[in-house]
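Using the hints provided, position chain A relative to the given structure of chain D.
One letter stands for each residue in the lines below.
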Amino acid sequence: MSNPPLLELEGINLSFKGVKAISDIGFRVAEGEICALIGPNGAGKSSLLNIINGVYQAQQGRIRFAGQERRAMQPHAAALGGIARTFQNIALFKGMSVLDNVLTGRNLKRRSSWLEQALRIGRAPAEDDRQRAAAERVIEFLRIQPWRDEIVGTLPYGLQKRVELARALAAEPRLLLLDEPMAGMNAQEKREMSRFIVEINREFGTTVVLIEHDIGVVMGISHHVVVLDYGRKIGDGTPEQVRHDPEVIAAYLGTRPAAA
Amino acid sequence: MEFFLEVLIGGLLAGVMYSLVAIGFVLIYKASGVFNFAQGAMVLFAALTFVSLLERGVPFWLAFIVTLAVMVALALAIERAVLRPLVGRSPITLFMATLGLAYIIEGAAQALWGAQVHGLELGISDEPLELGGLLLSQFDLFAAGTAAALVLLLSLLFNRTRIGLSLRAVADDPRAALAIGIRLPRVWAVVWAVAGFVGLVAGLLWGARLGVQFSLSLVVLKALPVLIIGGFTSISGAIVGGLIIGASEKLAEVYLGPIIGGGLENWFPYVLALLFLLVRPAGLFGERAIERV
Chain D
73 MSNPPLLELE
83 GINLSFKGVK
93 AISDIGFRVA
103 EGEICALIGP
113 NGAGKSSLLN
123 IINGVYQAQQ
133 GRIRFAGQER
143 RAMQPHAAAL
153 GGIARTFQNI
163 ALFKGMSVLD
173 NVLTGRNLKR
183 RSSWLEQALR
193 IGRAPAEDDR
203 QRAAAERVIE
213 FLRIQPWRDE
223 IVGTLPYGLQ
233 KRVELARALA
243 AEPRLLLLDE
253 PMAGMNAQEK
263 REMSRFIVEI
273 NREFGTTVVL
283 IEHDIGVVMG
293 ISHHVVVLDY
303 GRKIGDGTPE
313 QVRHDPEVIA
323 AYLGTRPAAA
Chain A
58 MEFFLEVLIG
68 GLLAGVMYSL
78 VAIGFVLIYK
88 ASGVFNFAQG
98 AMVLFAALTF
108 VSLLERGVPF
118 WLAFIVTLAV
128 MVALALAIER
138 AVLRPLVGRS
148 PITLFMATLG
158 LAYIIEGAAQ
168 ALWGAQVHGL
178 ELGISDEPLE
188 LGGLLLSQFD
198 LFAAGTAAAL
208 VLLLSLLFNR
218 TRIGLSLRAV
228 ADDPRAALAI
238 GIRLPRVWAV
248 VWAVAGFVGL
258 VAGLLWGARL
268 GVQFSLSLVV
278 LKALPVLIIG
288 GFTSISGAIV
298 GGLIIGASEK
308 LAEVYLGPII
318 GGGLENWFPY
328 VLALLFLLVR
338 PAGLFGERAI
348 ERV
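Protein chains in written order, with my numbering: chain D, 73 to 332; chain A, 58 to 350.
Next up, chain D with everything else stripped away, as it sits in the complex (with noise of 0.2 Å):
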């Protein structure tokens, strides 16, 4: 992976009413990697997702996008710029169908006006067409067909997971940020989510960045691993050699190396 930094974090600080989140935190994600954040609750994972997606700003540090250097990302610049996102305890739109809900993804790509869109002239109609075959397609792709057109709210657990990463999908993003995209799932979902996630970023090359507990997942997928705990980071490499490193493992393990 020596393909350019995609996402370049630095010197990332970030605190709620003087409690500090994050500090210090700097790293790199390579262009087409699946790179993950692991570390206990309570390290920082998804405030620093957060941070990435614009839903928080950072008190201090940097944020370079796609070669665009922000002091703050903005969640709707971020969208625009192609980064998209799933939450640890699914934001979805529950009284819509699956089909509308991986639409919504799409909403950004739209062109035509709203004029043109509630009279249903001008661009608006083959616009429409294809917003809908894209839409088909991910739901193709993340094998959610039988269930198009239900109400979301309806679903199982690990399918409105499945749908969230598909509505995700459909922006066609360069940055698909996941936060814990297996939480709650059995054995069997989460071996259907990871594939999913490698087929992602094979197929589309899309940059992944995702948030897990399970080491053995996110040993098996990743490229690249940043160990977080107390806001601090304390591991970055190949998943190789973060499982050797020593401080990486006392923080697992809870065992800190006995004091000479």
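Mixed in with the good hints, there may be bad ones.
Covered stretches of chain D, going by a simulated chain A footprint (3 or more residues, C-beta under 8 Å) [said to hold, decoys possible]:
1. 138-150
2. 160-168
3. 178-191
Calculated directly from the structure, the hints in this document are not laboratory data.
Glycine included, C-beta positions come from ideal geometry on N, C-alpha and C.
Relative to the frame of chain D, chain A by itself:
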């Protein structure tokens, strides 16, 4: 039987007038979870601006367009100055803010255009029209037609366009909406602007019916039972709720009035709303359990 039908249809048509006001509430409630108490003041402000322009010799259509522009500007100002700083506050805080806003808008209307009562003539005669043996009010028919056109327009806007999809997305889950790149402030601005437009239409019809005066802002109180019956989150609910209120209050007045005394019309809708609250708190078309203020 003919008389019954006349009362019923007259009531339904009158109910459409209530629906018009209720729709303004639904729009804003759906998009931002705010019960906008200032909707009545917006109705008044629109009607007063329009009638004052007319009285200064501005032609009808120009006055309409200028008033619409003023309402949109007002909506954008409200979003910017009041809603945005209060993002994420509790519903009761937002409700209190709109309550204050209602009085500010009323005061501004008064300061701008004076406090006297204006007559508003839309050029529709209010003489009864005979249709299939029934006597119906021409004005009510016109109001119903206008409301139908408005609802059609809104449903096209909200069901087919990107902004409509954004609105539904924001109403459903603001966090998810943010993640797919929807700008919440912009959606709110659009919704308030559309609510201003609905307020203008309601203001013209109500103004023509009652005269443009300060009691016009009290139509909010008539919209409340409509919302409780129809549900706060559904435009169809607002329509059906309005029809139910309109028809039942007229029928109650005519048939129960002689038995338990007149003036029934004024309080009957609230009794009906209370019954609905007990039996079906989310209203006929309401989604989930919603907080009432």
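If you check each hint against the structure, which ones fail? none
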